[in-house]
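Participant: Produce the entire structure from the sequences given, and follow the hints as far as they go.
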Amino acid sequence: MIPFDFEYYRPDSIEEAVNVFERLDNEQKQPIYLGGGSEIITLGRLNQLQTQAVIDLKRIPECKALQLEEGVLVLGAGLSLTEVAEANHFPLLTESAGRVADHTARCTITLGGNICSNLMYREAVLAFLVADSQAVIAGKQGIRRVVFSDIYNKRLHLHRGEFLVQIATDTKLLTLPHRGVKKTKDSRINYPLVSCAFLKCDGRLRLAVTGLCAFPFRMREMEDCLNDDSLAPEERIKQCLRYLPAPIVDDVEGSAPYRQFVFSNTLAEVIEQFEGRD
Amino acid sequence: MWQLVEKGLLELDVNGERKTVIARPADTLLHVLRTQLGLTGAKPGCENGDCGACTIIMDGWPVKSCLILAADAVGHKIQTIEGLHDSPAQSAFLEQWGFQCGYCTSGFLMVCHALAKIHPRATPEVRIDWLQSNICRCTSYEEIDAAIRSILHEIEEEPAERP
Numbered sequence: 000m001i002p003f004d005f006e007y008y009r010p011d012s013i014e015e016a017v018n019v020f021e022r023l024d025n026e027q028k029q030p031i032y033l034g035g036g037s038e039i040i041t042l043g044r045l046n047q048l049q050t051q052a053v054i055d056l057k058r059i060p061e062c063k064a065l066q067l068e069e070g071v072l073v074l075g076a077g078l079s080l081t082e083v084a085e086a087n088h089f090p091l092l093t094e095s096a097g098r099v100a101d102h103t104a105r106c107t108i109t110l111g112g113n114i115c116s117n118l119m120y121r122e123a124v125l126a127f128l129v130a131d132s133q134a135v136i137a138g139k140q141g142i143r144r145v146v147f148s149d150i151y152n153k154r155l156h157l158h159r160g161e162f163l164v165q166i167a168t169d170t171k172l173l174t175l176p177h178r179g180v181k182k183t184k185d186s187r188i189n190y191p192l193v194s195c196a197f198l199k200c201d202g203r204l205r206l207a208v209t210g211l212c213a214f215p216f217r218m219r220e221m222e223d224c225l226n227d228d229s230l231a232p233e234e235r236i237k238q239c240l241r242y243l244p245a246p247i248v249d250d251v252e253g254s255a256p257y258r259q260f261v262f263s264n265t266l267a268e269v270i271e272q273f274e275g276r277d
Numbered sequence: 000m001w002q003l004v005e006k007g008l009l010e011l012d013v014n015g016e017r018k019t020v021i022a023r024p025a026d027t028l029l030h031v032l033r034t035q036l037g038l039t040g041a042k043p044g045c046e047n048g049d050c051g052a053c054t055i056i057m058d059g060w061p062v063k064s065c066l067i068l069a070a071d072a073v074g075h076k077i078q079t080i081e082g083l084h085d086s087p088a089q090s091a092f093l094e095q096w097g098f099q100c101g102y103c104t105s106g107f108l109m110v111c112h113a114l115a116k117i118h119p120r121a122t123p124e125v126r127i128d129w130l131q132s133n134i135c136r137c138t139s140y141e142e143i144d145a146a147i148r149s150i151l152h153e154i155e156e157e158p159a160e161r162p
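Line order of the protein sequences matches chains G and E. FYI, numbering that gives the first Met the number 0 numbers position 73 of the first sequence as 72, with every residue one higher than the one before it. FYI, numbering that gives the first Met the number 0 numbers position 31 of the second sequence as 30, with every residue one higher than the one before it.
Honestly, the hints are just simulated from the structure, not real lab data. Yeah, the Cβ is synthetic: ideal placement off N, Cα and C, and Gly gets one too. Incorrect hints may appear among the rest.
Unchecked claim - The calculated DSS-like cross-link candidates involving lysine-lysine, where the alpha carbons are at most 25 Å apart (straight line), are:
#1 184/G to 57/G
#2 57/G to 6/E
#3 182/G to 199/G
#4 28/G to 6/E
#5 116/E to 76/E
#6 184/G to 139/G
#7 18/E to 57/G
#8 76/E to 57/G
Unchecked claim - If you want the footprint, here are the derived chain G segments under chain E, 3+ residues with CB under 8 Å:
#9 37-45
#10 92-103
#11 134-142
Facilitator: In structure tokens form, the structure reads like this:
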């Protein structure tokens with residue numbers, strides 16, 4: 000049971016959501032946008048999150064969009080991870096977000112909720128980072144569209160009162176050679192030691208990673224090393240490790256040396272898989 | 000815009016009937032089903048989304064009722080184990096002895112029922128993925144797996160991994 004009270008609002012439009020957030024914010028109610036709600040409930044139950052108002056975004060039609068037209072795949076941030084996987088328009092997203100929590104939990108967890116999660120993994124963002132997808136963001140100033148990698152630095156950077164409405168991806172990227180890899184310490188259902196999304200585009204491997212550092216990232220310098228075929232795979236991997244954006248996570252799920260080993264091993268597997276493929 | 004700013008009346012669609020309950024905006028659906036409607040088939044286990052004992056079906060899909068606000072469930076069709084009558088999954092669990100203490104059974108049944116409805120020809124990979132949402136501390140996994148397999152028309156060979 001959640002040991003404190005909050006107000007629940009369910010806007011029917013983007014404008015209503017933005018307006019009610021502003022009003023509640025002015026009333027010092029620390030409003031929070033709600034996607035699936037699983038994180039708000041689990042953290043709230045433990046008093047690790049406080050709010051006096053939640054704004055449920057799932058009934059806003061734009062947040063439930065699932066459209067494939069005019070060369071763009073549009074996914075609403077209010078879609079559940081299961082809805083996205085069942086449609087399977089973006090197989091790399093299905094693979095890289097398809098092992099978040101468990102299947103039943105993924106029927107509730109939303110794309111937007113996972114991407115904006117307080118947990119460090121946020122595996123749904125990986126495919127969008129390598130695909131240079133566009134984030135469609137709503138706020139008091141209206142709608143803005145930003146390339147994902149421009150707004151995602153450790154986390155999605157939104158102005159106060161803004162929320163993620165949709166993610167748009169060029170359909171040409173949806174069917175390119177790819178691989179999503181999640182490696183856990185023991186059981187299949189667990190947080191990742193390392194979770195990676197690989198996409199081969201214009202002859203180059205793109206890579207986004209989570210679990211290794213305390214946030215998801217895509218580093219162009221790492222991709223340069225990974226694609227430098229003048230070097231042996233072992234040397235490429237060693238070079239990649241020089242460009243990690245933060246120290247490797249060292250916790251009960253896996254020590255830093257172990258995570259580094261698992262990551263290096265994953266890179267070796269993927270280099271072998273993709274070498275010579277277009 | 001619909002809103003619930005304090006403890007008040009909610010109308011839920013549960014097992015095909017309109018039910019009126021009194022709930023706080025912060026109440027979970029699990030809590031309301033059990034304490035307001037007496038539907039105790041959905042079990043409180045971890046109440047953290049890990050064990051699956053509280054699984055119900057919402058709009059045809061299995062969800063963990065401990066991770067859904069009751070207010071969020073307004074407008075959705077909710078099915079609990081009490082609304083499941085003579086389903087193939089229930090018969091299969093009886094025939095295959097898919098339970099021991101029974102605490103996890105209603106959650107497993109809801110997952111299996113939904114799987115058989117949504118993916119009647121599920122691959123072993125899909126079946127295992129769905130079953131891994133639930134935990135059975137009596138470790139009846141073999142029997143539960145046999146039960147769901149008996150009502151699915153699978154299309155691929157069995158992999159080595161178990162739920």
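Participant: What are the numbers of the hints that this structure violates, sorted from low to high?
Facilitator: As far as the earlier hints go, 1, 6 and 11 are violated by this structure, in ascending order.
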